[in-house]
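K.L.:
One line per chain: the protein sequences are A and B, in this order.
Here the numbering used here is used: the first residue of the first sequence is 1, the next is one more, and so on.
Here the numbering used here is used: the first residue of the second sequence is 1, the next is one more, and so on.
Some hints here could point you the wrong way.
Just some of the chain A residues that point at chain B, by a computed CB distance under 7 Å [to be verified]: (1) Ala140; (2) Ala142; (3) Asn145; (4) Asn191; (5) His246; (6) Ala298.
Calculated pairs, DMTMM-like style, for lysine to aspartate or glutamate (alpha carbon to alpha carbon, straight line, at most 25 Å) [what the hints assert, rightly or not]: (7) A:Lys127 x B:Glu90; (8) A:Lys112 x B:Asp88; (9) A:Lys16 x A:Glu196; (10) A:Lys226 x B:Glu160; (11) A:Lys321 x B:Glu243.
I should point out that these hints are in silico values taken from the structure, not numbers from a laboratory.
As the structure is a computational prediction, the values presented were derived from the model and not from experiment.
Glycine included, every Cβ here is placed at the ideal spot set by N, Cα and C.
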Amino acid sequence: MSVIVLVEHTGGNIKKKSFEAVQYAAQIAQQTATTVTAVVLGSIADAEMEALGNYGASKVIHIADNRLDELHARAYTTALVNIARAEDSKIIITLYDINGRAVAPRVAAQLKAGIVAGALSYPNLEKGFAIKKSVFSGKAFAWVNVLSDVKVIMLMPNTFQLSKTDGKATIEKQDISFSEKDFGIKVTAVNKVTGEIALTDATLVVSGGRGMKGPENWGLIEDLAKELGAATACSRPVADTHWRPHHEHVGQTGGTIRPDLYIAVGISGAIQHLAGVNGSKTIVVINSDPEAPFFKAANYGVVGDAMAVLPKLTAAVKKFKEQHH
Amino acid sequence: MKILVCISQVPDTTTKIILKDNDTAINSQGTTYIINPYDEWYALVRAIELKESGIATEIHLVTVGKADIEPVIRKALALGGDEAIRIDAESIDPYQTAVYIADYTKSAGYDLVLCGKESIDYNNGTTGVLLAELLDMDYIGFATSVKIEGNVAIVNREIEGGEETDSCNLPVVIACQKGVAEARIPNMRGIMAARTRPLKVIAPSAITPLTAILSYELPPAKAGVKLVSADNMDELVALLHTEAKSI
Ligand SMILES: Cc1cc2nc3c(=O)[nH]c(=O)nc-3n(C[C@H](O)[C@H](O)[C@H](O)COP(=O)(O)OP(=O)(O)OC[C@H]3O[C@@H](n4cnc5c(N)ncnc54)[C@H](O)[C@@H]3O)c2cc1C
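Please take these sequences and the hints and turn them into a complete structure.
P.N.:
Spelled out as structure tokens, the structure:
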């Protein structure tokens, strides 16, 4: 009956957001009087998996098959469905990210489970099994009630604060026989963005719009990002005119991010832009036009020329870091 | 090669969301509906390009919805598409919607199913994957380019922390996002032609939903922006540290 949670890792290092998913699963396990079984796929050391106990997993099932080092959604599904059946699990949790979104719906279809895509709350059991999620690109929230016996939840990353406990997990090795079609997709080239912080995982983001005037001024954005340890993003016209790469484009038609801090520089704050960033916990807007709509969605604002403000902000961050070390 | 494009209708991106009936429903009065941008700009336009280049022979569009969504489907037909199928049901639960489409698709013999990476109303992004599972097909999500070479789809897609190139035998379901194609505007000829293209209405299969929306909430209004002088960036950093606790 345990709550099953899929754990992601990059090259053997468990992702922070997966600890968050395990902790989320532990809370639900407590609500429903059961325990958490974390599922880890691919090559990873036992010592790394032991840390899952600190976030509430009581058991880790490790399938070491190195074909699982890359996302093969159907193989991941086979693994999760097998384990869920063996454990007679009623609740299966993944993240609402690229990997989770490729796997969870397949698991749900096989187990005839209702899905919550992008959970922002624990289930409200008084109302049934109702979970809050964002709809209309952040313009509203919906409470989705899962009616089926088995439930699949994709947790929105960066929703809950992590807190470590001294809990311990036992690690169990399993072999699962996969079929050929579990590996039907052949990966012919991989291009991992290295050095930069991945935008979707970043807790701090500095973003530039057309007010930055041209790509030659992006050094100012990058300097601030580097000082903060932040990722960089941009508005759609900036990506469309190739000032910045497409993967940085956020908004209705680009990426959706929910960092702790979003600093928007020279971005007007069109509703389609806000759709991608309005889940940010804190928003800082730097804009020369005091009437820019973005100020209405911001927590902090600076009215001024970005070219003048950015170096000052970067210097202030640097000073702050020196004082706090 | 026959392509199926899944089309969903969504409120126009600038729509203000107003709740009604004790917050259990969205007030749709006065709302303009559009084709979900990911379905239109990327999936449908790519299908049209594949037909223009002689790779695809036929494009069908499928949608789940009641008769009031037909104008949106006509608009999709005006962009391109030889035939549309409307499954006459409300789309409320991802699983139910996918079963409706899968039951139609099973016997229809499509080589390629294209959809958008998610719809901008419920932001689930589940239809394509569910459909693939129900049809026992492969699925590639977050595609940024889609090429067809013979019986193989060559797809660039976003992965966690980068991009990869995949190849996969047809049939396959591909969910498209930015990069797959450039937006187009329907022309007069297309609009005229769309009027005469078949729009078939079929009855949904009997399947109960696995989820239901109990109620909605609007986000709390922002407390108001705190302005900091451009000459006092130390203060901004201090606020971000002590008040916002974000650094
Ligand atoms: C269907 C649809 C989908 C869309 N999807 C997206 C999307 O995903 N993402 C997105 O971003 N947009 C999207 N858009 C476009 C969106 O409506 C806006 O046009 C776009 O966000 C504007 O980008 P911007 O703020 O960079 O540029 P602008 O609107 O041109 O704003 C530039 C801002 O910079 C300020 N500025 C100028 N000079 C300076 C200076 N020296 N210092 C400081 N500030 C300065 C100006 O006051 C202004 O506020 C979409 C539009 C549609 C119709």
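K.L.:
Taking the hints in turn, state whether each one holds.
P.N.:
Status of each hint after checking the structure:
Because the beta carbon of alanine 140 of chain A sits about 5 Å from the nearest beta carbon in chain B, less than 7 Å, this interface hint is met. Given hint, alanine 142 of chain A at the interface with chain B, holds; its Cβ is 5 Å from that chain's nearest Cβ, closer than 7 Å. Here the hint on asparagine 145 of chain A is kept, as its CB sits about 5 Å from the closest CB of chain B, short of 7 Å. Taking 7 Å as the C-beta contact cut-off toward chain B, the hint placing asparagine 191 of chain A at the interface holds, the least distance being around 5 Å.
Restraint check, histidine 246 of chain A versus chain B: the minimum CB separation of about 6 Å is within 7 Å; hint holds. Interface hint at alanine 298 of chain A: satisfied, since its Cβ lies 5 Å from the closest Cβ of chain B, which is below the 7 Å cut-off. For the hint linking lysine 127 of chain A to glutamate 90 of chain B, the alpha-carbon distance of about 24 Å falls within 25 Å, and the restraint holds. For the hint pairing lysine 112 of chain A with aspartate 88 of chain B, the CA-to-CA distance comes to about 23 Å; that is within 25 Å, so the pair holds.
The hinted pair formed by lysine 16 of chain A and glutamate 196 of chain A meets the criterion: a straight-line CA distance of about 17 Å does not exceed 25 Å. Of the pairs offered as hints, the one joining lysine 226 of chain A and glutamate 160 of chain B holds, with about 21 Å between alpha carbons and a cut-off of 25 Å not exceeded. In summary, the hint linking lysine 321 of chain A to glutamate 243 of chain B is supported, as the alpha carbons are separated by about 17 Å, within the 25 Å threshold.
Hint compliance for this structure: every hint is met.
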